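A.B. asks: Here are the chains, one letter per residue:
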Amino acid sequence: MEDTYIKLPVIRKIEVKGYKLFSKDWEYTFKRGLNLFVGANMLGKTTTAYIILYGLVGLPVGQKDFFADRVKGDGGKEGEKGNARVKLTIEIGKDIIEIERDLFTSNIIFFSRNGQVFESGENNNLEKLYEENIIETSRISTLDDYKFLLKKLLIREEEGDYLLWDWDDQMRVLRLLFNYDKFDAEFRRIRNRVKDQDTIFRGQQDIKKQFKRRLEVIQNQKYESMKKMGEQSLDELKNKLAVLEKSIVSRDREHQEIISGIEKLEESKRELTESIYKMNSEIEELDSEITKIENTLYQGIYEDPKIPLANHKLKHYQICMFCNNKIPVNKAEKIIDIIESQRICPVCESNLREHYKLADEDIDKDSLIRMIDEKQKASEEKKEKLEAEQGRLDEMSQEIQKLWSEEERVKTELEKDILEIDDIKLKISKPEYERTKDLAVYDRDIRTLQDQVNHYQTIMDEAKIKRTKETSRLLSMAKEYSERLEKIRDDLTYYFNDYVYSFLGDCRLVTRKRKTDESRIPVDIFVPVFDGRERHYRFQTSKSERTFLEYAFRLSLCQVFQKITGGDSLLTIEPSEGIFDIGNVPILAEAISKYYDVSYLLIISNISRSDFLQRIVEKARKDIKERVVNYLEVGKLSDAQKKEKERYDKELGRIIGS
Amino acid sequence: MEVKYKYQIIEENREFKRLNEILYVLYSVRKLDLTNISKIGVQKCIYLCEILAPLRKIILSFLNFIYWHRGPYSKDVQNSLDYLVSIDAVNVESFSTYEANSYANYIITEAGCELVEKLTLYPKERDRLEWIEIVMRIIRAYVGSTNLGEDYTGIDKIIDLVYQEPSFKEVRQEKTKHVLLPVGERDNLTMELINFLERVEENLPKVLDSGKYKLNLETILLSFFEYLYLEYLSQS
Numbered sequence: 155m156e157d158t159y160i161k162l163p164v165i166r167k168i169e170v171k172g173y174k175l176f177s178k179d180w181e182y183t184f185k186r187g188l189n190l191f192v193g194a195n196m197l198g199k200t201t202t203a204y205i206i207l208y209g210l211v212g213l214p215v216g217q218k219d220f221f222a223d224r225v226k227g228d229g230g231k232e233g234e235k236g237n238a239r240v241k242l243t244i245e246i247g248k249d250i251i252e253i254e255r256d257l258f259t260s261n262i263i264f265f266s267r268n269g270q271v272f273e274s275g276e277n278n279n280l281e282k283l284y285e286e287n288i289i290e291t292s293r294i295s296t297l298d299d300y301k302f303l304l305k306k307l308l309i310r311e312e313e314g315d316y317l318l319w320d321w322d323d324q325m326r327v328l329r330l331l332f333n334y335d336k337f338d339a340e341f342r343r344i345r346n347r348v349k350d351q352d353t354i355f356r357g358q359q360d361i362k363k364q365f366k367r368r369l370e371v372i373q374n375q376k377y378e379s380m381k382k383m384g385e386q387s388l389d390e391l392k393n394k395l396a397v398l399e400k401s402i403v404s405r406d407r408e409h410q411e412i413i414s415g416i417e418k419l420e421e422s423k424r425e426l427t428e429s430i431y432k433m434n435s436e437i438e439e440l441d442s443e444i445t446k447i448e449n450t451l452y453q454g455i456y457e458d459p460k461i462p463l464a465n466h467k468l469k470h471y472q473i474c475m476f477c478n479n480k481i482p483v484n485k486a487e488k489i490i491d492i493i494e495s496q497r498i499c500p501v502c503e504s505n506l507r508e509h510y511k512l513a514d515e516d517i518d519k520d521s522l523i524r525m526i527d528e529k530q531k532a533s534e535e536k537k538e539k540l541e542a543e544q545g546r547l548d549e550m551s552q553e554i555q556k557l558w559s560e561e562e563r564v565k566t567e568l569e570k571d572i573l574e575i576d577d578i579k580l581k582i583s584k585p586e587y588e589r590t591k592d593l594a595v596y597d598r599d600i601r602t603l604q605d606q607v608n609h610y611q612t613i614m615d616e617a618k619i620k621r622t623k624e625t626s627r628l629l630s631m632a633k634e635y636s637e638r639l640e641k642i643r644d645d646l647t648y649y650f651n652d653y654v655y656s657f658l659g660d661c662r663l664v665t666r667k668r669k670t671d672e673s674r675i676p677v678d679i680f681v682p683v684f685d686g687r688e689r690h691y692r693f694q695t696s697k698s699e700r701t702f703l704e705y706a707f708r709l710s711l712c713q714v715f716q717k718i719t720g721g722d723s724l725l726t727i728e729p730s731e732g733i734f735d736i737g738n739v740p741i742l743a744e745a746i747s748k749y750y751d752v753s754y755l756l757i758i759s760n761i762s763r764s765d766f767l768q769r770i771v772e773k774a775r776k777d778i779k780e781r782v783v784n785y786l787e788v789g790k791l792s793d794a795q796k797k798e799k800e801r802y803d804k805e806l807g808r809i810i811g812s
Numbered sequence: 015m016e017v018k019y020k021y022q023i024i025e026e027n028r029e030f031k032r033l034n035e036i037l038y039v040l041y042s043v044r045k046l047d048l049t050n051i052s053k054i055g056v057q058k059c060i061y062l063c064e065i066l067a068p069l070r071k072i073i074l075s076f077l078n079f080i081y082w083h084r085g086p087y088s089k090d091v092q093n094s095l096d097y098l099v100s101i102d103a104v105n106v107e108s109f110s111t112y113e114a115n116s117y118a119n120y121i122i123t124e125a126g127c128e129l130v131e132k133l134t135l136y137p138k139e140r141d142r143l144e145w146i147e148i149v150m151r152i153i154r155a156y157v158g159s160t161n162l163g164e165d166y167t168g169i170d171k172i173i174d175l176v177y178q179e180p181s182f183k184e185v186r187q188e189k190t191k192h193v194l195l196p197v198g199e200r201d202n203l204t205m206e207l208i209n210f211l212e213r214v215e216e217n218l219p220k221v222l223d224s225g226k227y228k229l230n231l232e233t234i235l236l237s238f239f240e241y242l243y244l245e246y247l248s249q250s
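Same order as they appear, the protein sequences are chains A and B.
Just so we're aligned: the first sequence equals residues 155 to 812 in this note's numbering.
Just so we're aligned: the second sequence equals residues 15 to 250 in this note's numbering.
Derived by calculation from the structure, the hints in this document are not laboratory data.
In this text, all values refer to a predicted model and were calculated from it rather than measured experimentally.
Treat the hints with care, as some may be off.
Quick list of simulated restraints, FRET-style, between CB atoms [to be verified]:
{"hint": "1", "chain 1": "B", "residue 1": "Glu240", "chain 2": "A", "residue 2": "Asn505", "range": "50 to 58 Å"}
{"hint": "2", "chain 1": "B", "residue 1": "Phe109", "chain 2": "A", "residue 2": "Lys531", "range": "40 to 48 Å"}
{"hint": "3", "chain 1": "B", "residue 1": "Asp141", "chain 2": "A", "residue 2": "Asn505", "range": "37 to 45 Å"}
{"hint": "4", "chain 1": "B", "residue 1": "Ile72", "chain 2": "A", "residue 2": "Lys488", "range": "40 to 48 Å"}
{"hint": "5", "chain 1": "B", "residue 1": "Glu188", "chain 2": "A", "residue 2": "Arg546", "range": "45 to 53 Å"}
{"hint": "6", "chain 1": "B", "residue 1": "Thr167", "chain 2": "A", "residue 2": "Arg546", "range": "58 to 66 Å"}
{"hint": "7", "chain 1": "B", "residue 1": "Asp141", "chain 2": "A", "residue 2": "Glu538", "range": "18 to 26 Å"}
{"hint": "8", "chain 1": "B", "residue 1": "Arg140", "chain 2": "A", "residue 2": "Lys480", "range": "37 to 45 Å"}
{"hint": "9", "chain 1": "B", "residue 1": "Thr167", "chain 2": "A", "residue 2": "Thr427", "range": "53 to 61 Å"}
Below, computed lysine-lysine pairings styled on DSS-like, alpha-carbon distance capped at 27 Å [what the hints assert, rightly or not]:
{"hint": "10", "chain 1": "A", "residue 1": "Lys241", "chain 2": "A", "residue 2": "Lys171"}
{"hint": "11", "chain 1": "A", "residue 1": "Lys519", "chain 2": "B", "residue 2": "Lys71"}
{"hint": "12", "chain 1": "A", "residue 1": "Lys480", "chain 2": "B", "residue 2": "Lys53"}
{"hint": "13", "chain 1": "B", "residue 1": "Lys132", "chain 2": "A", "residue 2": "Lys446"}
{"hint": "14", "chain 1": "A", "residue 1": "Lys531", "chain 2": "B", "residue 2": "Lys20"}
{"hint": "15", "chain 1": "A", "residue 1": "Lys467", "chain 2": "B", "residue 2": "Lys53"}
{"hint": "16", "chain 1": "A", "residue 1": "Lys641", "chain 2": "A", "residue 2": "Lys667"}
{"hint": "17", "chain 1": "A", "residue 1": "Lys620", "chain 2": "A", "residue 2": "Lys667"}
{"hint": "18", "chain 1": "A", "residue 1": "Lys519", "chain 2": "B", "residue 2": "Lys132"}
{"hint": "19", "chain 1": "B", "residue 1": "Lys45", "chain 2": "A", "residue 2": "Lys519"}
{"hint": "20", "chain 1": "B", "residue 1": "Lys20", "chain 2": "A", "residue 2": "Lys529"}
{"hint": "21", "chain 1": "A", "residue 1": "Lys171", "chain 2": "A", "residue 2": "Lys305"}
{"hint": "22", "chain 1": "A", "residue 1": "Lys446", "chain 2": "B", "residue 2": "Lys138"}
{"hint": "23", "chain 1": "A", "residue 1": "Lys529", "chain 2": "B", "residue 2": "Lys132"}
{"hint": "24", "chain 1": "B", "residue 1": "Lys138", "chain 2": "A", "residue 2": "Lys519"}
{"hint": "25", "chain 1": "A", "residue 1": "Lys469", "chain 2": "B", "residue 2": "Lys89"}
Here are a few chain A residues that sit away from chain B, every Cβ distance over 12 Å (derived from the structure) [as the list claims (entries may be wrong)]:
{"hint": "26", "residue": "Phe272"}
{"hint": "27", "residue": "Arg347"}
{"hint": "28", "residue": "Glu420"}
{"hint": "29", "residue": "Asn608"}
Think of the CB as a built atom: it goes at the ideal place given N, C-alpha and C, for glycine as much as any other residue.
Can you build the whole structure from these sequences, using the hints too?
C.D. replies: What follows is the structure in structure tokens.
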């Protein structure tokens, strides 16, 4: 199991060359226990921490131009850049790595592993080779793990971060230190998946919400539209249409009845007209008969007028009956003689006696007059009847005219109704068409939007399933993580309590579930408890308390790691100013000194904190003089510092007993 | 057998009736103790009887009167007269010619009177005789009691009044001879006058009304003749 833990880097030696911050090139070999970098302000103590970090993992996160700025600020020249280098000898497990970097370009100048020197070639990138070798030997996943551990755990700058209250960082440190080597990478990978799926889910949810909102709007519009259709009294129109259609049937029937009435009357009129015509003919016939009888009567009274008239004209006026021309008297007398004496026609000699016979001798005038009278009466009766019939005919014509007027009225109303029906049908059909059209548009939009919503819902569902699945795995990992924590908790609490006891009395670490931003699931983190209160937040402690607790936590972690894995580490602490203000320097020094036997410890301190230095040195080994880097020697002193150098040297000599 | 068309029968009938009407005029002349009547007189009397016939609601048979130089003239009247003479129903009392004109006076014979008697057995003919008698009585009254023109004698004097008759007068004023006079037409001026007179008669106080149809008819006729006479007077 131990073999699966990562290995922390132990800087065994640092060599700084050509860096103009310092007065000279310098090197230091770290020793187990206390290592003390001491000096005055602005001599490069803190920079050394960065040089270690830089040398080990390259450019520190967020401090890209750190060294470049320092050079510029220092008035360095361009040509000088290439000379500033750091060479680290690092122990990772059983491997010894040597690496030399250009401080201004971050380029690896030299890299060896257990004496095997790697050089850059056409296909070999030293950075890559270095990283591969580090990963291989340390079991970390990427070089970034070392960057993280150095920054968050192994190097505690003055006024640095608080791992104890930064739950994400704490959890990752714990994951890296106490789980199998690729656990953290796997955890982060799954967490990223969860995060990705969650991002997808939320992203799609937002888009889906937009489409759904639009869908609701369209659905509302459709509903309103349908409602509006209803409000346009479609039912009323239909009812009116039904009434009109009923009315039209009734009117049509009425119209038919009128037409039928007219036809009947016309038929009667025709019959009557025929009858009148017949009567007229009869009357005419009667009149004609009367005339005939009259003629017979008159003929009976008079002679045939033609021959006597011709004879008369010839006799008295000698005028020809044919051409009305006068003829000689003697000729006329001869013709008259023939007519009157012989009673024969002077032209054809036919007998004229018949024409001279008076008709009344043979004709019964009374009988004729009676006949005339009878016929006259019959004619008058018929005329009377005819007059009556004519009256009827007139009435009938008037009735027909009246019916035609009625027909005109009904027909007008019928046409009006038909037009109104057409109008209503148009009104009914038009909204239906428009509604269909509008609703079709709405339906199309709704379908499209619903498809979109469904589409995003599907993606969401898939993301949700994946997220659930990954979350489940993550939870499973969190459980495994918790089990690991369970295993180290006692030791950690023990060490932690041991470090802080003299300062805070009984102080333990308890695990509490926290859903951190980074984990996205509830995970166990350590929370300090003292004075009966769990200190979940930094503000629940004083500055000295939290600084002390932070040091103790980091020391404890490294100690537990060392205990579990057997792996060493180099823990760097640059104590804060504040912690000395409260007179707790001996307690802190006491606490720190407890770590001397555990592993490597680097204390970076200002020489002005002589009490603190005195205390930590007291507990150090006797070879303390070899464990010190004196920045008064390697740093570039200011004029003021130069003046003070003698005093500083004396003070340092007093502390380390030189 | 001879087939007679309807128009022939009617025309034959009209010829008989024309004879009848001429006989009635001559019969009336005899009944009114007038010795004879000239052919001009017959023409004018027949014209007046004809044009005023609507008053009696009867139709006479002479329609083709024209405007001639001595007033209304119808050759049918003369033809009928000649025929009646030929059958000895009428006698020519005197006959004379002057320049191109011939003058004759006519008188009904006993045979003619017999014909009238025979004809008036038939009621329609009786009505016609009655009407002509009424008109002839009024004509006699006017020619006998008024100072009409001296150019004519006896019944012929009526010419002066005939000249005032509205229908004829209208045509005469146009001075277009041979024009057919509007006898029998409903809208001639005479008819207008008759209608006017009838309306006046209808509105007359009943004290004058004997209740007898003839009186009414004669009253209107008298008014008409009075009008003609007044016109004649104003003319002269």
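A.B. asks: With reference to the structure, classify each hint as holding or not holding.
C.D. replies: Here's how the hints hold up against the structure:
Range check, Glu240(B) to Asn505(A): about 57 Å between beta-carbon atoms, so the 50 to 58 Å window is met. Look at Phe109(B) against Lys531(A): about 46 Å separates their beta carbons, and that is inside 40 to 48 Å. Distance hint check: the CB atoms of Asp141(B) and Asn505(A) are about 39 Å apart, consistent with the given range 37 to 45 Å. Look at Ile72(B) against Lys488(A): about 45 Å separates their beta carbons, and that is inside 40 to 48 Å.
Range check, Glu188(B) to Arg546(A): Cβ separation about 47 Å, and the 45 to 53 Å hint holds. Checked against the hint of 58 to 66 Å, the pair Thr167(B) and Arg546(A) passes, with Cβ atoms roughly 59 Å apart. With their beta carbons about 20 Å apart, Asp141(B) and Glu538(A) fall inside the hinted range of 18 to 26 Å. Checked against the given bound of 37 to 45 Å, the beta carbons of Arg140(B) and Lys480(A), roughly 40 Å apart, stay inside it.
For the hinted restraint 53 to 61 Å between Thr167(B) and Thr427(A), the CB-CB distance of approximately 59 Å keeps it satisfied. Of the pairs offered as hints, the one joining Lys241(A) and Lys171(A) holds, with about 8 Å between alpha carbons and a cut-off of 27 Å not exceeded. About 26 Å separates the Cα atoms of Lys519(A) and Lys71(B), which keeps this hinted pair within 27 Å; it holds. Restraint check for Lys480(A) and Lys53(B): satisfied, since their Cα atoms lie roughly 21 Å apart, inside the 27 Å limit.
A C-alpha spacing of about 18 Å is found between Lys132(B) and Lys446(A), which places the hinted pair at or below 27 Å, so the restraint holds. The straight-line distance between the Cα atoms of Lys531(A) and Lys20(B) is roughly 21 Å, inside the 27 Å bound, and the hint therefore holds. Taken as a hint, the Lys467(A) and Lys53(B) pair is honoured in the structure, with Cα atoms around 16 Å apart against an allowance of 27 Å. This hinted pair checks out: Lys641(A) and Lys667(A) have alpha carbons roughly 16 Å apart, not beyond 27 Å.
In summary, the hint linking Lys620(A) to Lys667(A) is supported, as the alpha carbons are separated by about 24 Å, within the 27 Å threshold. For the suggested pair Lys519(A) and Lys132(B), the alpha carbons sit about 9 Å apart, so the restraint of at most 27 Å is met. Pair hint Lys45(B) plus Lys519(A) holds up; C-alpha atoms about 25 Å apart against a cutoff of 27 Å. Simply put, Lys20(B) and Lys529(A) have alpha-carbon atoms about 17 Å apart, close enough for the 27 Å limit, and the pair holds.
For the given pair, Lys171(A) sits about 24 Å from Lys305(A) by alpha-carbon distance, which is consistent with the 27 Å threshold. Distance check on the hinted pair: Lys446(A) and Lys138(B) sit about 15 Å apart at the alpha-carbon level, within 27 Å; holds. Proposed proximity of Lys529(A) and Lys132(B) is supported: the alpha carbons are some 20 Å apart, at most 27 Å. For the proposed pair Lys138(B) and Lys519(A), the alpha carbon gap of about 14 Å is at most 27 Å, so the pair holds.
As the CA atoms of Lys469(A) and Lys89(B) are separated by approximately 19 Å, the hinted pair is consistent with the 27 Å bound. The beta carbon of Phe272(A) sits about 150 Å from the closest Cβ of chain B, which is more than 12 Å, so the claim that it is off the interface holds. In this structure Arg347(A) is separated from chain B by more than 12 Å, as the shortest Cβ-Cβ distance comes to about 124 Å. Distance check on Glu420(A): its Cβ is at least 32 Å (rounded) from any Cβ of chain B, clearing the 12 Å threshold; non-interface status holds.
Every CB of chain B is more than 12 Å from the CB of Asn608(A) (nearest about 101 Å), matching its label as outside the interface.
This entry satisfies every hint, going by the numbered hints stated previously.
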